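Make a model of the complete structure from these sequences and hints.
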Amino acid sequence: MHPKVFVSHASEDKERFVIDFATRLRKNGVDAWLDKWEMLPGDSLVDKIFEEGIKDAAAFIVILSTSSVNKPWVHEELNAAVVKRINNGSKLIPVVLDNCEVPEVLASTLWERVPDLNSYNASFDRILASIFNISTKPPLGQLPLYTESPITLISGMHKNDSLLLKVSCENALLTGSMSIDPKKLFFVDANPILPEQELKDAMEIMDKFGSIELHRTLGCDLHSFKITEAGFELYARDCISNYQETIKTVKFALVNKQLSKNSAIAEEVNSPLLLIDHILNILEHSGDIKQSKMISGECHINYISPSLRRALND
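The sequence shown: position 290 = 297 (the working numbering), numbered continuously.
Simulated from the structure, these hints should not be mistaken for laboratory data. All values reported here derive from a predicted model rather than from experimental measurement. Treat the hints with care, as some may be off.
To be verified - With a straight-line Cα cutoff of 35 Å, these simulated DSBU-like cross-link-like pairs (lysine-lysine) come out:
id: 1; residue 1: Lys207; residue 2: Lys190
id: 2; residue 1: Lys173; residue 2: Lys264
id: 3; residue 1: Lys300; residue 2: Lys264
id: 4; residue 1: Lys173; residue 2: Lys215
id: 5; residue 1: Lys207; residue 2: Lys258
id: 6; residue 1: Lys215; residue 2: Lys264
id: 7; residue 1: Lys78; residue 2: Lys34
id: 8; residue 1: Lys144; residue 2: Lys166
id: 9; residue 1: Lys207; residue 2: Lys233
id: 10; residue 1: Lys233; residue 2: Lys173
id: 11; residue 1: Lys297; residue 2: Lys258
id: 12; residue 1: Lys255; residue 2: Lys268
id: 13; residue 1: Lys258; residue 2: Lys268
id: 14; residue 1: Lys233; residue 2: Lys258
id: 15; residue 1: Lys34; residue 2: Lys11
id: 16; residue 1: Lys215; residue 2: Lys258
id: 17; residue 1: Lys166; residue 2: Lys258
Stated by the list, open to error - Label-pair restraints from in silico Cβ distances:
id: 18; residue 1: Asn106; residue 2: Thr224; range: 54 to 62 Å
id: 19; residue 1: Thr224; residue 2: Pro202; range: 16 to 24 Å
id: 20; residue 1: Arg244; residue 2: Lys297; range: 20 to 28 Å
Using N, Cα and C, we set each Cβ at its ideal position, and we do this for glycine too.
Structure (structure tokens):
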């Protein structure tokens with residue numbers, strides 16, 4: 008369906024702009040109503056303009072210029088268009104050619120200014136888009152990653168800090184390394200999983216409270232870091248299901264099955280080696296075991312405390 012548009016103008020503007028403008032509208036599928044094309048000798052001005060032109064128009068374009076703003080006919084047509092817009096919701100599009108004063112009735116209406124009558128492609132495209140109700144607004148993209156899924160909050164932490172630690176620790180479990188490169192981990196298709204400044208703030212705060220250890224480098228915006236034992240423990244308690252049960256299973260593997268290598272315990276418990284290493288470190292700090300660590304990453308447990316044995320027997 009071709010939208011019908013009434014073009015109100017002064018005769019002085021017909022040759023210098025209006026005919027070319029209305030012709031371009033018609034070439035683009037708009038049924039532009041122009042008196043030069045629609046009215047014949049003997050036709051009633053009132054009937055043709057107000058009953059045929061304006062009455063059935065989906066949009067009303069008023070060409071404003073130094074010639075038209077004071078023309079009685081233009082004012083009559085404009086008044087009729089304003090009434091029609093109020094009653095029917097039809098579109099009213101003012102096009103300003105000269106540096107003329109815009110009528111008060113159009114003060115609250117967005118108008119399109121045409122500064123160069125010989126080159127107005129951009130203005131014409133905006134007018135055409137308005138007639139067809141086509142927005143040039145870019146389409147909505149995907150929501151940022153940090154909004155797409157609920158964040159598991161770690162006790163006592165801000166949601167950004169929780170996200171930082173959770174993503175880091177999950178990556179550590181997959182890679183077997185506590186070392187994190189934020190430029191690789193926290194960016195997806197060049198987009199940060201958090202706004203970049205908030206990511207930097209979270210890293211600084213987590214470093215301050217000992218959950219990570221930043222490796223500061225001159226000239227680097229996002230420093231690499233290492234997850235600390237304390238940081239991983241916070242994550243494990245709140246985010247790893249059956250974490251306490253896993254600790255208990257590791258203790259049984261040590262005492263009852265007398266497994267002495269971290270790799271053997273990981274296989275027995277069916278858990279990532281990094282998690283087993285973390286649990287062994289926790290047990291060592293509490294005095295329950297002693298272990299020897301090799302450069303290769305292999306650990307040998309060479310002492311189990313009597314208190315750990317007694318605790319499992321009770």
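We went through each hint and held it up to the structure:
no.: 1; hint: Lys207 x Lys190; result: 11 Å, holds
no.: 2; hint: Lys173 x Lys264; result: 32 Å, holds
no.: 3; hint: Lys300 x Lys264; result: 21 Å, holds
no.: 4; hint: Lys173 x Lys215; result: 17 Å, holds
no.: 5; hint: Lys207 x Lys258; result: 39 Å, violated
no.: 6; hint: Lys215 x Lys264; result: 41 Å, violated
no.: 7; hint: Lys78 x Lys34; result: 29 Å, holds
no.: 8; hint: Lys144 x Lys166; result: 32 Å, holds
no.: 9; hint: Lys207 x Lys233; result: 15 Å, holds
no.: 10; hint: Lys233 x Lys173; result: 13 Å, holds
no.: 11; hint: Lys297 x Lys258; result: 13 Å, holds
no.: 12; hint: Lys255 x Lys268; result: 17 Å, holds
no.: 13; hint: Lys258 x Lys268; result: 13 Å, holds
no.: 14; hint: Lys233 x Lys258; result: 27 Å, holds
no.: 15; hint: Lys34 x Lys11; result: 13 Å, holds
no.: 16; hint: Lys215 x Lys258; result: 32 Å, holds
no.: 17; hint: Lys166 x Lys258; result: 33 Å, holds
no.: 18; hint: Asn106 x Thr224: 54 to 62 Å; result: 58 Å, holds
no.: 19; hint: Thr224 x Pro202: 16 to 24 Å; result: 22 Å, holds
no.: 20; hint: Arg244 x Lys297: 20 to 28 Å; result: 24 Å, holds
In this structure, the earlier hints numbered 5 and 6 are contradicted, and the remaining ones agree with it.
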